[in-house]
Amino acid sequence: MSTAAETAKAAVRPASRSVRIRRNPVGRTLVKLPFWLLIALIALYALFPFYWALRSAFTPDPELFSTPIQYFPSHPTWAHFDDALSSSFFRRALLNSAIVAGSVTLLSLAIGSLAAYALGRFRFRGKSFVLYLMLSMTIFPQIAILGALYTMFSGFHIVAFLDFPKLYDSLWSLVFSYLIFTLPFTIWVLTSFMRALPADLEEAAYVDGATPLQVFWKVLLPLIAPGLVTTGLLAFIAAWNEYLFAVSFIQSPDHYTVPVAIVSFVGKTSAFQIPWGTWMAATVIVTLPLIVATLVLQRRILAGLTAGAVKG
Amino acid sequence: MLLPALAVVAFVAIYPLGRTVYQSFTNQEFLAGLEPTKRVGLDNYHRLIHDTIFRDTVVLTIKFTVITVSIEFVLGLIIALAVNSSFKGRGVMRAIMLVPWAIPTVVAAKMWVWMLDDTYGVVNDLGVRTHVLSHPHAWLAQPKTVLLSACAVDIWKTTPFVALLLLAGMQVIPKDLYEAASVDGASQLQQFWRITFPLLRPAILVTLIFRTLDALRAFDVFQVLFGYRLGAQSMAVYNQSTIVQDGHVGYGAAMSVAIFLIIALFVVIYVTFVRVTEE
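Line by line, the protein sequences give chains U and A. For what it's worth, the working numbering labels the leading residue of the first sequence as 8, then goes sequentially. For what it's worth, the working numbering labels the leading residue of the second sequence as 47, then goes sequentially.
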């Protein structure tokens, strides 16, 4: 904002003078200075907490719990990372989260791409209703169905026409319930990808005698691969990060997912001191893959995230 | 082809929602056998209106929503404007902005618990060093700073995301508009108010609605920062603890319905606002 105001002021002055300032390299830097300060401030704000977690993970305990605090570890150590990774509880949680997030991603891509095929390539009655239903699901408050799912999973209340499997405390309860926020979003984004494809491709395939399912599998699916990667990653991150259902439906520590484990994580350091170093090492381990994936697929994620916001 | 998707939505969303509404009229308890489940009419809702704990959580959550959404919007707009101008390293900057978004909320909250630590926390240290604070605070323990701490975490985590959504909206505004405006001698500030702001309106509204709904159902931040402490519970935290910790399924369901209605009320307010201003 300060830059906008700055340049606005500059524009009011006689043009010749401001042009002279801009042509001079020193002047140009001075004009740009507030702008770069703002950029630096934003970057610092966004990154500092993560830097702090890293710094705390590498700082040995005696330094970590002494004042005045150090902003850079003078004797960096891997000890906290060893602690975190050697805990079978934490490793188990990583595995559980990978299973849950992986299954949710595959399921929503499989179901979602089929639905997107129908919604994006065919005309039929009630199509816009289905699309709006999906859109309204994306803003559905999960808390509203917590109790219902909770009793459904514990299976003691039998529905008239079907006996619900007892999913309570099993990872499947999470896979099942996470579909509520991954699937509608997947369908919504993939439908827009499907729509964007030209019609000639399919027609050519139909002329050659392909069935609709073959067209879907061999022609359309490869073409929307970028969309699959984007939505898949977003679904994976959403499932990996989910906490409300995970903390409600899972009871035994063996089945904890990463967020639940992080909150209840107690390392093996002394009972008197909270093991913040190990804790921060665990948070870094959990977050690093997500950050790397996000950075690598940055453009696609932005496109996926904003697809709904801009077009919708 | 649509069938699997519709079946899932029916099972995971629509049926449970109907079930919640039904449960809200019963006295169902999780530990069956204590008392047979029977219909109790509006008893749960009656109890809810007089539940002062619930009332406090509603007030706290709405305060949290208003504060975070407005600060995130203003900060996000400033960041989006800065990053929208072309400069070297714009791509890097956008990548940096995705970092807080990619960090799980639970993990972000945990990082902040450590940063807000009363003895070894960096926030107190920085504050005292720069003389902003006269003495270290126990941010999470004091009732006075509960709202402040929760807002700080949420604002850090979500502002970059808000900025990215607004940025996406800015990039679809045609560049010629600005060129034409500069030729006509419009200042940058005028260009912002006359071009950027009006054309950004759809993106702004979508962002605000999404963020408001998200803030109203906040669970992770409050639960990790404060656990189930009284006076520091959001609506979702109290609701979850009623159902899961206490096992009061019927009463919890009534609360879920109430929260659902409060959230719906905000949607209605936004939609009416859009209609009124468009006319």
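Quick caveat, the hints were computed from the structure, so don't treat them as lab data. Beta carbons are placed, not taken as given, at the ideal position from N, Cα and C, and that holds for glycine. Hints are not guaranteed to be accurate.
What the hints assert, rightly or not - Residues of chain A placed beyond 12 Å of chain U at every Cβ, according to the derived structure:
1) Ile99
2) Ser116
3) Thr151
4) Arg175
5) Ser180
6) Ala187
7) Cys197
8) Leu223
9) Thr258
10) Asp266
11) Gln291
12) Gly293
13) Thr323
What the hints assert, rightly or not - With the C-beta cut set under 10 Å, the calculated list includes, among others, these residues of chain A facing chain U:
14) Ile113
15) Ile117
16) Phe119
17) Val145
18) Ile241
19) Phe243
20) Pro244
21) Asn285
Inset, instruction - Test the statement that Ala187/A is away from the interface with chain U: the closest C-beta pair must be farther apart than 12 Å. - result: 14 Å, holds
Legend entry - Cβ separation check - Thr323/A to all of chain U, threshold 12 Å: At roughly 19 Å from the nearest Cβ of chain U, Thr323/A sits farther out than 12 Å, so the non-interface label holds.
Legend entry - Cys197/A remote from chain U - nearest C-beta pair above 12 Å: About 15 Å separates Cys197/A from the closest Cβ of chain U, which puts it past 12 Å; holds.
Legend entry - Interface hint compliance - Asn285/A to chain U, C-beta minimum distance less than 10 Å: 5 Å, holds
Legend entry - Assertion that Thr258/A lies outside the chain U interface [Cβ separation over 12 Å]: Not fine: 10 Å to the nearest Cβ puts Thr258/A too close to chain U.
Inset, instruction - For the hint on Ile241/A, just tell me whether its beta-carbon gets within less than 10 Å of chain U. - result: 13 Å, violated
Legend entry - Hint check, Ile117/A versus chain U [nearest Cβ-Cβ separation less than 10 Å]: Interface hint status for Ile117/A: violated (13 Å vs cutoff 10 Å).
Inset, instruction - Tell me if Ile113/A is really an interface residue toward chain U, meaning its C-beta lies closer than 10 Å to one of theirs. - result: 18 Å, violated
Inset, instruction - Decide, holds or violated, for the assertion that all CB atoms of chain U are farther than 12 Å from the CB of Arg175/A. - result: 9 Å, violated
Legend entry - Claimed clearance of chain U by Gly293/A, with the beta carbon kept past 12 Å: The claim is violated: Gly293/A sits with its nearest Cβ about 9 Å from chain U, within 12 Å.
Inset, instruction - Have a go at the Val145/A hint: is there a Cβ in chain U nearer than 10 Å to its own Cβ? - result: Hint on Val145/A: holds, closest Cβ of chain U at ~6 Å, below 10 Å.
Inset, instruction - Grab the minimum beta-carbon distance between Ser180/A and chain U and tell me whether it stays above 12 Å. - result: Fine: 17 Å to the nearest Cβ keeps Ser180/A off the interface.
When each numbered hint is compared with the structure, violations occur for hints 3, 4, 9, 10, 11, 12, 14, 15, 16, 18, 19 and 20.
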